[in-house]
Amino acid sequence: MNADKAPPRKAGKGKFELDERLKAYQGVWVFIEHERGNVHPVSWELLGEGRKLADKLGVALSGVVLAAPGLAARRFCEEAFFHGADNCYLMEDAVLSSYRNQPFTKGLTDLVNTYQPEILLLGATTQGRDLAGSVATTLKTGLTADCTELNIDMENRSMAASRPTFGGSLLCTILTLNFRPQMATVRPRVMAMPDRDSARRGTIIEHPLGLIETEIVTKVLQYIPDDQQDKPQLPFADIIVSGGRGLKNADNFQLIWDLAMVLGAEVGASRPVVQAGWVELERQVGQSGKTVRPKLYIAAGISGAVQHRVGMEGSDVIIAINTDPNAPIFDFATYGIVGNAMTILPALTQAFKQQLAVAKMAS
Amino acid sequence: MHIVVCIKQVPDSAQIRVHPVTNTIMRQGVPAIVNPYDLFSLEEALRLKDLHGGRVTAITMGPPQAEAALRKCISFGADDAILVTDRAFAGADTLATSFALASAIGQINKTHAVDMVFAGKQTIDGDTAQVGPGIAKRMNLQLLTYVSKVDALDLTTRTIQVQRRAEGGVEVLTTQLPCLITMLEGTNEMRFATMENMFRAARYQIQVWDRVTAGIEDVTRIGLKGSPTVVSKVFAPQAKTVRAEIIQTEGDEPRDLTLTLVAKLFTQHPKLGETIVRRAA
Chain A
1 MNADKAPPRK
11 AGKGKFELDE
21 RLKAYQGVWV
31 FIEHERGNVH
41 PVSWELLGEG
51 RKLADKLGVA
61 LSGVVLAAPG
71 LAARRFCEEA
81 FFHGADNCYL
91 MEDAVLSSYR
101 NQPFTKGLTD
111 LVNTYQPEIL
121 LLGATTQGRD
131 LAGSVATTLK
141 TGLTADCTEL
151 NIDMENRSMA
161 ASRPTFGGSL
171 LCTILTLNFR
181 PQMATVRPRV
191 MAMPDRDSAR
201 RGTIIEHPLG
211 LIETEIVTKV
221 LQYIPDDQQD
231 KPQLPFADII
241 VSGGRGLKNA
251 DNFQLIWDLA
261 MVLGAEVGAS
271 RPVVQAGWVE
281 LERQVGQSGK
291 TVRPKLYIAA
301 GISGAVQHRV
311 GMEGSDVIIA
321 INTDPNAPIF
331 DFATYGIVGN
341 AMTILPALTQ
351 AFKQQLAVAK
361 MAS
Chain B
1001 MHIVVCIKQV
1011 PDSAQIRVHP
1021 VTNTIMRQGV
1031 PAIVNPYDLF
1041 SLEEALRLKD
1051 LHGGRVTAIT
1061 MGPPQAEAAL
1071 RKCISFGADD
1081 AILVTDRAFA
1091 GADTLATSFA
1101 LASAIGQINK
1111 THAVDMVFAG
1121 KQTIDGDTAQ
1131 VGPGIAKRMN
1141 LQLLTYVSKV
1151 DALDLTTRTI
1161 QVQRRAEGGV
1171 EVLTTQLPCL
1181 ITMLEGTNEM
1191 RFATMENMFR
1201 AARYQIQVWD
1211 RVTAGIEDVT
1221 RIGLKGSPTV
1231 VSKVFAPQAK
1241 TVRAEIIQTE
1251 GDEPRDLTLT
1261 LVAKLFTQHP
1271 KLGETIVRRA
1281 A
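Chains as they are written, first to last, in our numbering: chain A, 1 to 363; chain B, 1001 to 1281.
With the rest of the complex left out, here is chain B (with noise of 0.2 Å):
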């Protein structure tokens, strides 16, 4: 069995500023991280070898410096770890990163033929959980989201039966291979880096594959010039013409605050009131 793991390094969101003048994004000094919904699918995909054998590679997109992240996966047990880097990748949006990452996929598929792909839900940095069905279905892949648990892998039939969270329940699904799975935070736990591993990960050989490597030869599908959306403008939201009132009382005791804020509120709201009052009943 041969599992693809897609990762993705992104800056550790929790530690990103802003600049309070220029609004715009302060990046140094910000560590790079896995993408933490990526780790999710790569122990998931760890465990199914643990159960049936076989072989789990990593693959990112990104610049040069994204192979930190793919030795992270080493040491945590993959295989292999492929990095796919051209500066015309730049600028991708998730059309033409799922398409990069398809025509890869599609190059190892050539060599060792490839059972399953795995996703994170999503990045935390894009947040757009595009790419996971965008590779899915450029390879006709069968595809499995938000995936809560794996219940079992038949390899002699193919088929595989999961768990997947659907609004109002959790579903179960089953399917054929190959296929694709994005999986739900919080299903799993990320093992713990072995010393032998990690050993393993210092030395590995990461295969870092160009355009051409990767398959790809219209230039047109990647990058800037592969990607449908353009971003207009950013921007820090705007703040309300009125800013909010401050309720201030002589001495600024906490108990006069809060009773001329309460009662200014059962006032200019009523209808507010109400429901206060209706609520508390």
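Here chain A stands alone, though its shape is the one from the complex (with noise of 0.2 Å):
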């Protein structure tokens, strides 16, 4: 709902006083996500975002691991220290195998009450959305979706939590006041994924839960795991092609098919085209579907709205194609060509396959 807040509420301007009781509350935390043995990515993305907020802040940065008892919880602990964690609040049990909002929800929820952190930021994905909600509610604060930038508002002690707005055309920024912790979601890739050091240590601060299975109403009866092979991977595709509305019609998408093949590249797509059924879902990058950071992506015949750029502009580099001179694209592009994509695709397709012919001649 904060999305549609119009007037935008103003903070205030000055220096904010924090009730005394919320003073206590120090550190930035980073809830650890995995499923089936495997951490999320976006946890350590979150790590390095985390470690830029706890330095500014001067205070220590956690990770917390809910997890079923054994090696695996301990390895995710040291995991958290490689990826810049000072230390790991970890609650081992049985009943926290796999995720189930109720466990995971009391046990997040009472680490908080105990151990007190100023911030808390999950993934914005089934699992993150899920239990952020929950844990927001239950301890009455304030929670900002995907976020697509972090920072510390000094003057408040507070975390500006931007986002896009409005169908992804304007970008806020949200702001918790008077409540704590400041939560967050944030998408995976959003973020970049800082370097890892195993020379790194850290403490493991451990924790019961103190729920037995009889208490817990819901089941895992099965999980099916996805079929990798057939579906499209574009958040951590090293080259993307994407087309937009500019191609005109499905028939000319296939010259960005064209130049993904001869690049062995991923093919990715603008809202308006996924919606015309050009291409499927998974293909579509933006707000409102993947956010990517290849090495080099390629666009053409897009615009380059605020929904399709937070879901890109974390590109390496970026070849822009339009044939607007004053199209958004050329203001964060790398590269731009103005022109139309239907003449310039199949050149650069040509430009490419004769520079690659080049390229093996010399090896």
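If you are wondering where the hints come from, they were derived from the structure by calculation, not from laboratory data.
If you only want the chain B side, here are some residues facing chain A, beta carbon under 8 Å, derived:
1) Glu1167
2) Val1231
3) Ile1276
For every residue, glycine included, the Cβ atom is placed at its ideal position computed from N, Cα and C.
Both chains are sitting in their own frames, so use the hints and assemble them into the complex.
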């Protein structure tokens, strides 16, 4: 609902005085999400971002692991240290072997109430969103979803969480002033992956859950893993070629596939193209689709509205092709060609072919 | 069986435009629709009603004009519709919204016991996905988010089995009623409104509840006062300090332009060049 507020409520100028009891809340926490023995990479990305926030505040960065007892849980904590955490809160219990809302909400809520962090970050995944919404409601604190930028407003010692709003046409910054912890979720690939330093060490702080299986209403009967083979893997692709409305029709979209084939790239698309049914939903890049950070992103016939931009501006190099020299995409692309995607794309495919042939001869 | 479906009226985001000079939202003429994600939940509730009997009540919190969205739900087959509206709700964030809706559903529950609550996965205007879980926690309902399929419902034992989308697969879960479900998009298709239901929707007297009818006494927990988050600013994204380097050649022929671009890419970004060569191999 935040997004609907108009006009925006002013946080007020000048210094804001935090409630005395809330001053006890210190430190930045990152919930370490795992499924079937693997930590979701978004947790490491959040530790990278959490490190910056913790350093600005001059506090510790902690990972939070809720898991079944065993080596895996310890390994998750260790990995958290490698990715920047100073310590790790560990709650081990057999009932935490796979994610369920009730025990995880109780566990995380208890940890927050006991150790009082000022900031709590979670991945905006099916698990993280389910848990974040439940924990924030139980704690009666503020939660900002799908942030694209996190910062510290030093004047108020508050986290300034920015996110797209109004269908991704504008950005807004949200503060949680007189409540702690300040909670936020961030989608995978929005933040950069921090360097892993296997020399880093930290301390593990253990805490019991205090819940038994018979008290938990929901049971997991089965887990059916996805077949990864036939699904597009955009978030971790090195090169992505994306097409937009500027391609005019589904047949012309073949030009995107042709270039992607030559480059060994994944194919992406803007929202209108997916809505028109030219490509499947898994290929949508943007706020309501996937966030990507490839080494090279080629955007053809895409204007570069905020909705799309927030999903791909983390790319190392962006090439934009658009007929409109004033298209917003040229504001943040690395290279631009002003021209019709239908004529530029085949030429670009040829140019890459030529360059690759030269490279092949040289090697 | 009694199912309550929470819906929201939202502006059709595909048609929202930002004023190029003032960076404000141009709301004029943007049609209001039922949040598309809510329709998957409404349809699933209606299917359960078809199979097991019972009633479906649609509820929304919003301005008076949100009644149009509720009327739409009646036309699809909902039995009742309640509009929770009060100036005191203005400026609510997700925490305050879930408080108000949970309180209203609690009032419904007093006269007609609620077995299940459905909510949309998220809205297309706020995109937070927080109100559903919030209502579940406040009402102590079992929470099932991102449900792709309801496998079985047994009203005698009051158990439900569903498939839930997880990050790397699908979980098969079983739980007890009462529960709150949010449906994943694309999991069903909203039925057509029948002529009979359209007539019913046109005549239907929507129940309008204010704060007091919704059972809310404490005004510090709703609207602006009950919202821990504040929007400190709304802004248009900034252009990078350096705009894109526009490739230009004499005559601007596609062939020349693209050859220049590719050559530049390989000389300026040698590591990227290596990646491209490796990927293409």
